[in-house]
Every structure is written in C-alpha cells, then in structure tokens.
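Chains A and B, in that order, give the protein sequences.
With the first letter of the first sequence counted as 1, position 300 gets the number 300 in this note's numbering; the numbers rise by one all the way through.
With the first letter of the second sequence counted as 1, position 169 gets the number 1169 in this note's numbering; the numbers rise by one all the way through.
Incorrect hints may appear among the rest.
Unchecked claim - Subject to a maximum C-alpha distance of 30 Å in a straight line, what follows is the list of computed DSSO-like cross-link-like pairs (lysine-lysine):
hint, chain 1, residue 1, chain 2, residue 2
1, B, K1003, A, K132
2, A, K25, A, K132
3, A, K14, B, K1098
4, A, K132, B, K1099
5, A, K26, A, K14
6, A, K92, B, K1099
7, A, K110, B, K1003
8, A, K283, A, K256
9, A, K132, B, K1251
10, A, K135, B, K1013
11, A, K135, B, K1251
12, B, K1003, A, K108
13, A, K14, B, K1003
14, B, K1099, A, K26
15, A, K166, A, K92
16, B, K1099, A, K119
17, A, K119, B, K1251
18, A, K119, A, K132
19, A, K253, A, K269
20, B, K1013, A, K23
21, A, K106, B, K1003
22, B, K1013, A, K14
23, B, K1013, A, K106
24, A, K106, A, K14
To be verified - If you anchor each label on the Cβ, the simulated ranges turn out as follows:
hint, chain 1, residue 1, chain 2, residue 2, range
25, A, K119, B, K1099, 44 to 50 Å
26, B, K1099, A, D213, 46 to 52 Å
27, A, M70, B, S1041, 19 to 25 Å
28, B, A1026, A, K23, 54 to 60 Å
29, B, T1208, A, K132, 18 to 24 Å
30, B, S1232, A, M70, 45 to 51 Å
31, B, G1101, A, P165, 43 to 49 Å
32, A, Y10, B, V1130, 30 to 36 Å
33, A, K92, B, L1194, 41 to 47 Å
34, B, G1101, A, Q68, 51 to 57 Å
35, A, K110, B, F1137, 20 to 26 Å
36, A, S21, B, K1099, 52 to 58 Å
Said to hold, decoys possible - Computed from the model, here is a short list of chain B residues facing chain A with C-beta under 7 Å:
hint, residue
37, G1101
38, T1108
39, I1111
40, E1113
Hints are computed from structural coordinates only; laboratory data are not their basis.
Since the model is a prediction, treat every value here as computed from it, not as a measurement.
Cβ atoms here follow ideal geometry from the backbone N, Cα and C, with glycine treated the same way.
Each chain, written out:
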Amino acid sequence: MIEVNDLTKYYGQKRAISNVSFKVKKGEILGMLGPNAAGKTTAMRILTCYMPPTAGSATVGGYDIFDQSMQVRRITGYLPENPPLYTELTVKDYLMFVAKIKGVEKDKTKAEIDTVIEKASIGEVRNRVIGKLSKGFKQRVGLAQCLLNNPQVVILDEPTVGLDPKQIIEIRELIKNLKGDHTVILSSHILPEVEQTCERVVIISEGEVVAEDTPENLTARMKGGERVLLELEGDEKQVKEVFRTFPDVTAVKVNKTAGGLLKVEVESKKDLRKDYAQALIVKKIGLLEMQSDKVTLEDIFLHLTTKEEAA
Amino acid sequence: MRKTLAIFEKEFKSFFYSPLAYVIIAIFTLITGYLFYNLLSWFVEQSFMMTMQAQQYRQAPPKFNVNLHLIRGYFGTLAFISLFILPTITMRLFAEEKKQGTLELLYTTPITELQVVTGKYLAGLALYIVLLIPTMFFMALLFIYGDPEFLPVLSGYIGLILLGSTFIALGLFISTLTENQIIAAIGGFALSLLLWIIGWGATFTGGTLKPVLEYLSILVHFEDFAQGVIDSTHVAYYLIFTIFGLYLSLKSIESVKWRT
C-alpha cells in the first residue's frame, strides 16, 4: 500500500531524514518510533504531499507522491501534530468545510460527517465552537477530519500527545479499530503506545531507520538472555559467590540499599529462577523479592538510539 | 469550482465569526457617512450662496451639477478610505492559516493552490462590496432629493470595486509572506499606498519615466470612473494588477513547499 524508497530531505544544510525506506501492507498499522526531532514528522509530511523530498521516491496506494499528488491526497487522511483546526468554526461547520475541499459528493456529505462524528465520538460537541473545546476534543475533531471521505491511508503524527491518560486510551482504541479497513502509519515517541497499537515498528533515529520489525521480534532480538531482579538480605561477597557458581550466569550487579538490603541484578543465558531460590536458601541468605525483568521495547529503543549517538 | 466555493464560503463566514468584520463595517460606514455629510453640507451651502449672489446681481440662477461637485468628490473619498480599510480585510487571509497551522490541511487535501487563492480573493472582494452597501444608501438620498445622473454613479462603483480588487489581490500576496497579521496589514497598506502615490513623482521626472509612473498610479486610472467614463485601458490596468497580485500569491504559497 505504501512504499518508501530512500527518502532524503534536507532543510538547507541540515539533513532531516536520509535514505528512509519501508513498506506498509494494506490494512496494517505501522508505528514510527523515534525521539523528538528524529525526522518522523518530515517523513510524514513527505508522504502526505505537504512537501517534496530532496531525493528518493514513495508511492501511496500505487500513486507517486510527486507526480500524482492529487490522487495521493484523495486517498490519504492526515492528522498533523497540531490538529489543523479553524478555531472560529463550529465542529459541524468545520467538518462540512473539510468534506467539501476533500471532494466528498454532495449527497453523501451529511452521512459521511455523521460517520466520522460517531467514530471520533464527538457527537456531544458537534455544534460547539472549536476554539472553546478541550485539548482532547480538539484532537478528536482533528481525527474526525482525517477520517473524512473514508481514506484508504491514515497518517497520524503523534495522535496522543498532550492528552490525559483516559483520553490516550480512548484514542488508542479508536486507532486499533481502524485496522483492516485503513492502512495506518502512526508516529510516537511513547513506546508502550506503539507496542500496544502497532503490528510493525520502524525505529527512526537522527533521520535514519535503525530497525524495522514487529514489536515481538524486536523484543526477542534484544533478548540475549534472562534478567532477574532480586532483593536479598545477606553478605555482599557471599551473594556474589552464590551466583558465580552457575555457569550460565553472565553478569551480576549488586547494589546496597539504604536499609542494608541488597539489590541484585543477574543476567543469564536461560531462566534460572528456581535454581537461584534454592541456592540462596541453602546458603541462608534472605530472599525477599525476585522478579523476572523483561526486555521492553524501551530498552531496544534506548539501545538502538544511544548506539547511534555514540557512533 | 465547488472547492473554490467552499474556501470562499468559509472565509466569508469567518469574517463574521470574529468581531473584525463588524468593526471594519462600522468604522467604514461611520467615516464615509461623516464625510458624505460634510460634502453635502458644503455643496448645499455653496449652491445657496451662489444662488443668493445671482439674485443680487439679477442674473439667472446658476446650475449646480450634483455629479460633478458632489458625487465625483465622494468617490475619491471612498477610494481613499478603502486604501486604509482594505489591508485589514486581507491581512488574516493567509497569515492566520500559517499561524494556526491550517495550511497543512489545505496542502494535504486534494485542493489546488489556485482554488485556495481564488476562494480567498473572492471572499475579500465580497466583504468589500458589503462595505460599500451603506454608501449606496447615502447615494440613494441624492436621488430622492435631487436628480443626479445615474450612469456616473454606476461607473463610480465599478471603478471602486476594481480598485478594491487590486488592493485585495496585493494585500493577499503580502498576507502569504508572513504569519503575523499586523505585518500583513502594514505591508498591504504600504504596497497599496505606494501605488497611490507613485504618480506624484511623475511631476518631477521627464523622459521615459514620466509616462511609466503615470500609468502605474492607481489614482489616475480611477478619476475617469468617478466622472462616468468606463475606459477599457483603465479596466485593463486594474485587471492586470489584480491578476498580478493573485499570481504572486499563488507562487508564494507554492514556493513554501520548496523552501528548504
């Protein structure tokens, strides 16, 4: 559905993105992840025909973003980071205006507007002036705008930024519901969000794609081993010795807490939690807490993006 | 066409959603009304004195031409007030979109830049015509209590609308250059004023420059309309400048995409 090949964009001397390539299948939700100023917005603006790339090409729904810009715009719905709202209009008037400029047929306009109002659940504010709405409602009105004319491709730039936790969950649900009918690209710098809503993730750092995979695969790839966090009561030296007896343990980190307890971080090639417990009890070391620490997308993200900085 | 109309409708409504349109209409009506009253009083006083004088010398009472002595001057006044008021109409047309980030919507929906520019220009022109309506009531008074010629009044309004069209197209262009409405208003006013006064330089220059400056002056072209003459060269002047302004606006908003 969307094919991006070696997109590069310079703002003057500054390179915003370089050789960005990825593909999105029909009906898929792709998450674009990266720290602020990584080039996510630039990539999205190019895909939505807001501005042309310096080099490279991309097609959306088989149409070239440069040569067939009008066709691309016709099948794409875009929600920029700051929802483009005319604050003096009412929600209904605004959607009516967008429907007209999107070329929704006259007799279908009303039904189309009712559909997006329902999808974005903004029925209660449909007659209110946009400028007087809360941030959450404004974001939804933006989303409703983006879904007008039932676009095949939906591009959302940081759709949950600035919302309260309840609103975030609602917007995420809404996005998940788009799956199947729409091909979605979603950008975010919040990892759990991408983990929860997207089937595939592209991680962008400093304008380059550093990883592209499913959230699960990315996690698995990073998961070189098991990491266990323990809270123990005992002698530091003795504790270290206990863990060294296991040949599969690769690293042990011990920190003393203010209360005289030990916080231990153990990494190993396989899950050894049972064996740890037994060994500790045999040595009469107090085992207060033990938990398996899963490698999160966050770790991968930090790993990938900080590695980039070091290079 | 439907999209141009959508832009037009939205822009025209937006004028009235904010206090701006009401303030502009109120100020324009107040000032033009006051000046109309003054011109009329002056005209009545003059004609009364002249008639008295003629009676004293036992001459036939002189004929006073309302068109020549009142209406012509009034159109000049209207044009002058328009010079000040029109930049306040055009200032928000693009500057506000830039500031609010709504240009991003227009650039990513299937609407062409030409449709956007045309829609906005027409909305500005429509508001200007709304502004002129109260002055038509003043004119109507003259028709009720006197008998001026109708055609010069009609041609005067055509001239005013053409003049307004030029200022609006140029103001629109200035508005595409900035996201600050105040700067857009000042810039639009400066550019309009330049066209207004550029002819003054013609007096002190000679050779090839003189006719050029005279041609560029927006005032020179307006005078004939106020006198009841619709000359195609003058119409052409306004149309050329309007198209020029719209063309610059179009290129300006297209170029935003290419700026790196």
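Quick rundown of the hints versus the structure:
1. B/K1003 / A/K132: At roughly 27 Å apart (the allowed maximum being 30 Å), A/K132 and B/K1003 satisfy the hint.
2. A/K25 / A/K132: violated (39 Å)
3. A/K14 / B/K1098: holds (23 Å)
4. A/K132 / B/K1099: holds (18 Å)
5. A/K26 / A/K14: Not OK: A/K26 and A/K14 at ~33 Å, beyond 30 Å, violated.
6. A/K92 / B/K1099: Status holds; Cα separation ~22 Å.
7. A/K110 / B/K1003: holds (17 Å)
8. A/K283 / A/K256: holds (19 Å)
9. A/K132 / B/K1251: violated (35 Å)
10. A/K135 / B/K1013: At roughly 24 Å apart (the allowed maximum being 30 Å), B/K1013 and A/K135 satisfy the hint.
11. A/K135 / B/K1251: Since the Cα atoms of A/K135 and B/K1251 sit roughly 35 Å apart, the hinted pair is violated (cutoff 30 Å).
12. B/K1003 / A/K108: Judged against 30 Å, a Cα distance of about 16 Å means the pair holds.
13. A/K14 / B/K1003: violated (36 Å)
14. B/K1099 / A/K26: Given that 30 Å is the threshold and the Cα spacing comes to 35 Å, the pair is violated.
15. A/K166 / A/K92: holds (25 Å)
16. B/K1099 / A/K119: holds (29 Å)
17. A/K119 / B/K1251: The hint is violated at about 38 Å.
18. A/K119 / A/K132: Holds, at roughly 21 Å.
19. A/K253 / A/K269: Given that 30 Å is the threshold and the Cα spacing comes to 16 Å, the pair holds.
20. B/K1013 / A/K23: violated (43 Å)
21. A/K106 / B/K1003: holds (12 Å)
22. B/K1013 / A/K14: Judged against 30 Å, a Cα distance of about 41 Å means the pair is violated.
23. B/K1013 / A/K106: holds (20 Å)
24. A/K106 / A/K14: Violated, at about 45 Å.
25. A/K119 / B/K1099: 44 to 50 Å: violated (29 Å)
26. B/K1099 / A/D213: 46 to 52 Å: violated (40 Å)
27. A/M70 / B/S1041: 19 to 25 Å: Given about 59 Å between the Cβ atoms, the range is violated.
28. B/A1026 / A/K23: 54 to 60 Å: holds (59 Å)
29. B/T1208 / A/K132: 18 to 24 Å: violated (59 Å)
30. B/S1232 / A/M70: 45 to 51 Å: The hint (45 to 51 Å, Cβ to Cβ) is violated, given that B/S1232 and A/M70 are roughly 38 Å apart.
31. B/G1101 / A/P165: 43 to 49 Å: Given a distance of about 26 Å, which is not inside 43 to 49 Å, the answer is violated.
32. A/Y10 / B/V1130: 30 to 36 Å: violated (46 Å)
33. A/K92 / B/L1194: 41 to 47 Å: holds (43 Å)
34. B/G1101 / A/Q68: 51 to 57 Å: Cβ of B/G1101 to Cβ of A/Q68: about 25 Å, so the range 51 to 57 Å is violated.
35. A/K110 / B/F1137: 20 to 26 Å: Because 39 Å falls outside the window, the suggested range is violated.
36. A/S21 / B/K1099: 52 to 58 Å: At 35 Å between Cβs, range violated.
37. G1101: It holds, given that the least Cβ distance between B/G1101 and chain A is near 5 Å, below 7 Å.
38. T1108: Hint on B/T1108: holds, closest Cβ of chain A at ~4 Å, below 7 Å.
39. I1111: holds (5 Å)
40. E1113: violated (11 Å)
Checked against the numbered hints above, the structure breaks hints 2, 5, 9, 11, 13, 14, 17, 20, 22, 24, 25, 26, 27, 29, 30, 31, 32, 34, 35, 36, 40 and satisfies the rest.
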